[in-house]
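Undergrad: Residue numbers (this note's numbering), protein chains in the order written: chain A, 195 to 489; chain B, 600 to 894.
Derived by calculation from the structure, the hints in this document are not laboratory data. Heads up, a few of these hints could be off.
What the hints assert, rightly or not - Covered stretches of chain B, going by a simulated chain A footprint (3 or more residues, C-beta under 8 Å):
| id | stretch |
| --- | --- |
| 1 | 702-709 |
| 2 | 729-741 |
| 3 | 767-774 |
What the hints assert, rightly or not - Here are the computed lysine to aspartate or glutamate pairs in the DMTMM-like style, where the Cα-Cα straight-line distance is at most 25 Å:
| id | chain 1 | residue 1 | chain 2 | residue 2 |
| --- | --- | --- | --- | --- |
| 4 | B | Lys632 | A | Asp383 |
| 5 | B | Lys806 | B | Asp790 |
| 6 | A | Lys197 | B | Asp724 |
| 7 | A | Lys287 | A | Glu199 |
As the list claims (entries may be wrong) - Computed, partial: chain B to chain A, Cβ under 10 Å:
| id | residue |
| --- | --- |
| 8 | Phe803 |
| 9 | Ile807 |
| 10 | Arg835 |
C-beta: ideal position from N, C-alpha, C; glycine also.
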Amino acid sequence: MNKIESNKGWLFVLPVFIVVAFSAVIPLMTVVNYSVQDVFDANTRFFTGTEWYRDMLNNPQLQGALIRQFIFSFTILAIEVPLGILVALMMPKKGWQASLALVLVSLPLLIPLNVVGTIWQVFTRTDIGLMGWGIRELGYAYNISRNSGDAWATIILMDVWHWTPLIALLCYSGLRAIPEAYYQAARIDQASRWAVFRFIQLPKLINVLVIGVLIRFMDSFMIYAEPFVLTGGGPGSSTTFLSQALTAMAIGQFDLGPAAAFSIIYFLIILAVSFVFYTTIMHMQKDKTTSKSGE
Amino acid sequence: MTQSTATGQTVSTPKSRQSALANARYKKESALKSNIGLTVYLILLILPIYWLVNMSFKTNQEILGALTFFPADFTLANYKQILTDPSWYNGYINSMTYVAMNMTISLLVALPAAYAFSRYKFVGDKHLFFWLLTNKMAPPAVFALPFFQLYSSIGLFDTHIAVALAHCLFNVALAVWILEGFMSGVPIEIDETAYIDGYKFWNFFIKIYIPLIRSGIGVTAFFLFMFSWIELLLARTLTATNAQPIQAIMTRTAGASGIDWGLLAAAGVLTILPGILVIYFVRNHVAKGFALGRT
Chain A
195 MNKIESNKGW LFVLPVFIVV AFSAVIPLMT VVNYSVQDVF DANTRFFTGT
245 EWYRDMLNNP QLQGALIRQF IFSFTILAIE VPLGILVALM MPKKGWQASL
295 ALVLVSLPLL IPLNVVGTIW QVFTRTDIGL MGWGIRELGY AYNISRNSGD
345 AWATIILMDV WHWTPLIALL CYSGLRAIPE AYYQAARIDQ ASRWAVFRFI
395 QLPKLINVLV IGVLIRFMDS FMIYAEPFVL TGGGPGSSTT FLSQALTAMA
445 IGQFDLGPAA AFSIIYFLII LAVSFVFYTT IMHMQKDKTT SKSGE
Chain B
600 MTQSTATGQT VSTPKSRQSA LANARYKKES ALKSNIGLTV YLILLILPIY
650 WLVNMSFKTN QEILGALTFF PADFTLANYK QILTDPSWYN GYINSMTYVA
700 MNMTISLLVA LPAAYAFSRY KFVGDKHLFF WLLTNKMAPP AVFALPFFQL
750 YSSIGLFDTH IAVALAHCLF NVALAVWILE GFMSGVPIEI DETAYIDGYK
800 FWNFFIKIYI PLIRSGIGVT AFFLFMFSWI ELLLARTLTA TNAQPIQAIM
850 TRTAGASGID WGLLAAAGVL TILPGILVIY FVRNHVAKGF ALGRT
């Protein structure tokens with residue numbers, strides 16, 4: 195679309211700018227402020243420069259949490275994206291079945307995060323939970339508070355249960371936006387199911403998938419309430435992810451300086467990964483369109 | 600999978616009819632397959648929720664006594680306790696109040712901004728958009744403490760509007776992102792025609808433009824509701840008693856004598872209900888299809 199070149203645009207974005215700046219800039223500056231100081235009490239504080247940053251980057255606990263965080267985020271993306279696309283392809287296209295499938299698929303999305311944790315805590319308990327009891331009955335000594343493998347598998351299962359519907363929902367809508375004529379053309383060409391998916395459906399899904407993957411990456415990287423309720427970060431610290439490590443430090447030990455420095459590092463990591471992902475995808479698409487128009 | 604359709608390249612009538620038949624059979628088979636696949640997925644999806652609902656109708660003796668698939672001693676006592684005690688049901692009212700406020704604020708500021716991003720080119724538009732997006736990347740754990748200090752200092756602590764404003768941090772960016780996708784789908788000629796016809800901008804925007812992107816507003820409202828309703832960390836940090844969300848009140852089921860499982864389950868089930876209503880209202884907009892993303 196041809197956009198009009200006009201700085202009138204700023205007038206329209208001003209309200210957004212004010213609302214977000216109020217909630218974003220002041221708190222962010224507070225964090226930056228803390229991250230370079232050592233606060234003893236309201237009147238005594240020392241400037242420490244980059245000391246906290248160096249401390250945090252060398253802190254083995256946080257390094258561990260960071261590695262776990264990356265493993266977790268990429269694992270759930272690798273499962274949720276293909277599964278979500280598959281579910282979207284299987285969902286009925288119209289009628290009451292479509293409505294029913296939509297409502298059911300969306301259900302997990304609308305449950306508060308700590309309630310999701312509670313549901314899975316109850317569900318996986320070996321004494322009163324269906325899944326925990328069932329696995330025990332099958333002969334496996336399932337125990338999420340002792341066995342870190344079980345804890346990991348359960349958290350990943352919980353996240354897949356909770357968030358695959360987001361990808362499915364976005365893809366379902368993306369699929370519905372494809373005009374019927376495309377499919378008719380494919381039928382005339384007798385294209386295989388795979389060819390239809392690869393050359394008609396997938397290209398149309400790229401945009402919603404970019405949004406879905408970005409949202410899922412950001413949110414999974416900040417995951418807090420669900421594992422906190424389910425495993426409490428344990429056994430040991432095997433399922434302690436970044437947010438939990440951070441809150442433990444900021445609120446539990448009340449180490450504001452280091453926690454703030456860590457916050458900034460945390461924020462920058464998400465920013466960097468999202469930026470790289472976003473620009474790569476955008477460049478790929480730009481290359482595609484320019485090469486097409488150049489033909 | 601592809602063999603049945605790959606045969607019919609030739610023009611001879613019987614052969615192509617044969618392939619058409621094979622095609623139809625293949626289609627029926629694949630529809631059956633996807634129905635079965637979807638049913639299995641939906642059953643797995645519902646299982647943890649079924650277990651929670653099942654438990655909410657049981658007494659604690661039954662929950663801890665034996666594993667039963669249906670409540671043997673059906674009771675509504677858990678629900679009765681929540682729905683008759685103001686300190687319980689006020690939590691739901693508080694949650695719904697700040698979610699509604701957040702949806703209103705986010706939509707009001709995001710609509711003009713999304714319009715500007717989809718129609719105008721202005722200085723710093725790309726940077727502004729990415730900056731908005733970065734706020735979705737800020738982990739709530741990072742902002743919890745500074746938010747607490749900011750809202751305390753301006754006397755907004757423990758009010759609904761404080762939580763609503765804090766949630767704007769991630770919701771406004773999302774709203775602009777989704778709305779812009781819908782707005783880019785409306786041809787710019789409509790704007791031009793309206794101006795030629797002598798419409799003032801706001802008249803045109805409210806009377807013509809907004810109805811055109813009704814679906815987009817519905818879908819946006821769904822996502823705004825979702826992300827505000829499920830968020831816990833900020834809502835809990837910014838409230839004490841007057842505006843405390845239900846997610847925070849739920850933690851009180853863990854008392855000295857252990858966890859009151861039945862009550863916890865009933866409270867959990869009640870947090871799911873508003874979401875079901877919301878998805879029911881927007882299901883047609885989602886089913887109509889949308890292709891999001893910046894072009």
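Undergrad: Each hint should be assessed against the structure and marked as holding or not.
TA: Checked hints:
no.	hint	result
1	702-709	holds (count 4)
2	729-741	holds (count 12)
3	767-774	holds (count 5)
4	Lys632(B) <-> Asp383(A)	24 Å, holds
5	Lys806(B) <-> Asp790(B)	12 Å, holds
6	Lys197(A) <-> Asp724(B)	12 Å, holds
7	Lys287(A) <-> Glu199(A)	40 Å, violated
8	Phe803	13 Å, violated
9	Ile807	17 Å, violated
10	Arg835	9 Å, holds
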